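Start from the sequences and build out the full structure, keeping to the hints where you can.
Chains as they are written, first to last, in our numbering: chain A, 159 to 437; chain B, 7 to 329.
Treat the hints as calculated values from the structure; they're not laboratory data.
Values in this document were obtained by computation on a predicted structure and should not be read as measured data.
Some clues are possibly wrong.
[Stated by the list, open to error] Derived coverage of chain A by chain B (criterion: at least 3 residues anywhere in the stretch with Cβ under 8 Å from a Cβ of chain B; other residues may be distant):
#, region
1, 166-173
2, 186-197
3, 273-279
4, 303-314
5, 361-368
6, 377-391
7, 411-417
The beta-carbon is built from N, C-alpha and C at its ideal position, and this holds for glycine as well.
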Amino acid sequence: MKKKPDARTIIAHVVLIFLSFLCLFFFYILVINASRSHAQLQLGFSALPGSSLIANFKNVVNDPAIPILKGIRNSLIVSGCCAAITTYFSSMTAYGIYAYQFRLNRAAFTFIMMILVMPTQVTALGFLRLITNMGMDDSLLPLILPSIASPAVFYFMHSYMQSSLPKELIEAARIDGSGEFGTFNRIVLPILKPAMAVQAIFTFVGSWNNYFIPALVITSKDKQTLPIMIATLRGADYMNFDMGKIYMMITIAIIPIVIVYLCLSKFIIAGVTLGGVKE
Amino acid sequence: MDKKKPIKSISYAKWGYIFIAPFFITYAVFSLIPLVDTIRNSFYEYYYSGLKVIGPTFVGLQNYISLLSADLPKYAWNTFVMWILGFVPQIAVALLLAAWFTDARLKIHGKEFFKVVIYLPNLIMASAFAMLFFALFSNAGPVNNILLRMGVIGEAIRFMESTLGARTLVALMNFLMWFGNTTIMLMAAIMGINPAIFEAAELDGCTHTQMFFKITLPQIRPLLTYTLITSLIGGLQMFDVPQILTGGQGAPDRTTMTLIMFLNNHLTSKNYGMAGALSIYLFVISGILCFIVFRMNMDDDPDGSKAAAKRAKKLARKGGKAS
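In structure tokens:
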């Protein structure tokens with residue numbers, strides 16, 4: 159029964175290999191160049207790695223002008239808090255609308271659906287003035303707190319509840335004397351765990367990569383997150399930079415996410431469609 | 007039945023409000039108040055000239071008018087061009103790959119590997135990715151170096167110094183970051199089509215091309231529209247990539263300056279009036295797009311097939327009565 163590969167199969171493989179090459183090639187150059195010294199890089203591109211990987215890393219970490227360790231710490235704090243807060247409060251909001259009957263239920267749901275894809279940039283001006291008035295400018299707090307209200311994650315959790323959270327279960331918990339918050343924390347959240355994990359990953363990555371608002375909020379050096387530090391590399395003195403250091407900094411910003419992704423890729427790719435496809 | 011009554015009388019409504027309160031309070035504080043403040047500022051002349059504060063003076067629609075007569079149309083055009091340059095190949099490639107991945111007769115080796123690889127760029131920090139491209143495509147960078155050594159080009163291409171080059175680089179990055187995501191979304195949609203339709207078509211002697219254009223495309227039209235609209239909203243927000251690639255200058259000659267880069271400039275220079283008016287323009291456009299997404303999400307009949315069936319039934323009934 160085995161047939162020879164036809165033209166379509168061959169074309170498909172060629173195209174796929176080309177696209178994969180396109181996706182991976184840049185990261186390949188990145189890692190290679192991060193391992194070469196400035197002098198080696200000036201000589202031109204080489205396909206083989208150099209020997210300065212550790213030296214470049216040390217140079218980056220010890221550079222007082224770019225406190226990258228603080229940047230990693232700040233990014234981890236903001237992204238971690240955002241991921242935790244977003245998933246918890248979005249589940250809570252979704253549960254409120256899913257499990258309870260109240261007069262404004264439909265209105266609340268409609269409102270959230272209307273702002274589902276509203277860009278945050280359009281209110282950036284008022285947001286910046288507000289946090290300045292509240293004395294929260296140049297702090298990490300205004301990068302974390304707004305993630306309590308995350309319409310897209312709410313929508314995801316709400317859809318997930320409709321398919322996997324039977325209302326009888328809530329009813330049963332009530333009859334057994336469970337309080338409303340107790341039911342939510344002890345019975346509902348464990349059921350939502352898979353959905354929460356997916357959303358926590360996406361929120362973490364989104365926050366880790368976020369540049370626009372943090373760049374406007376943060377002014378002092380030791381509160382900068384990684385994207386802001388990367389942006390400072392592109393400053394006027396780019397030409398005077400040690401290129402090995404630049405590649406190393408980009409590597410530090412990108413590679414942790416890549417490694418986590420490769421470990422969880424199956425799970426993440428399954429999550430893309432869960433979150434994105436409207437049903 | 008009587009037993010049910012006392013249980014019914016316990017109202018849990020207040021818990022509903024308690025559970026949704028954090029969301030709405032947060033949204034009100036960090037989005038609605040800022041929105042009102044943004045609208046208010048848009049009607050004032052209010053900016054910093056050096057250390058001197060000019061205004062706030064109420065100027066009505068002056069900010070809106072001067073934006074329209076000055077740079078706004080140009081930056082809107084730049085944003086649109088770079089978006090469409092990335093979006094067209096993105097949707098075309100995604101459709102092709104999704105069709106291949108879901109074709110049971112096409113044996114693709116390493117399907118999982120390819121899926122993992124093409125989705126990877128979507129998770130990359132856009133600012134770091136742009137910085138990487140800036141280094142790679144610079145005049146003495148590795149890309150020029152490789153091309154020179156391979157003899158493809160005689161002298162280094164100055165990618166960032168031509169409008170086409172800079173815009174293409176931005177579009178290429180947008181394409182790379184999003185085609186994998188779109189592929190996976192479209193795959194899910196195609197796998198949701200009833201396989202019986204394909205089987206019937208195959209029995210009738212349909213070719214692959216015919217099946218793609220006559221069955222797959224019409225069946226996933228709602229998701230295609232959805233992808234288009236959400237991508238438009240994403241395109242409207244284009245910032246990180248051109249900002250870092252051009253160092254905020256929109257070089258060459260501001261032909262890669264996007265709307266949000268323009269907003270960013272006004273925000274950092276504290277021109278509140280202009281930033282406000284620009285934000286409101288963006289708010290209105292996003293509002294329209296949001297509404298389309300809203301309608302598609304809330305509508306359980308997005309492609310109009312159910313409505314058509316209803317109309318046909320009605321007509322049939324009417325016809326029946328008349329005869």
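To see whether the hints hold, each was checked on the structure:
no.: 1; hint: 166-173; result: holds (count 5)
no.: 2; hint: 186-197; result: holds (count 3)
no.: 3; hint: 273-279; result: holds (count 7)
no.: 4; hint: 303-314; result: holds (count 6)
no.: 5; hint: 361-368; result: holds (count 3)
no.: 6; hint: 377-391; result: holds (count 5)
no.: 7; hint: 411-417; result: holds (count 4)
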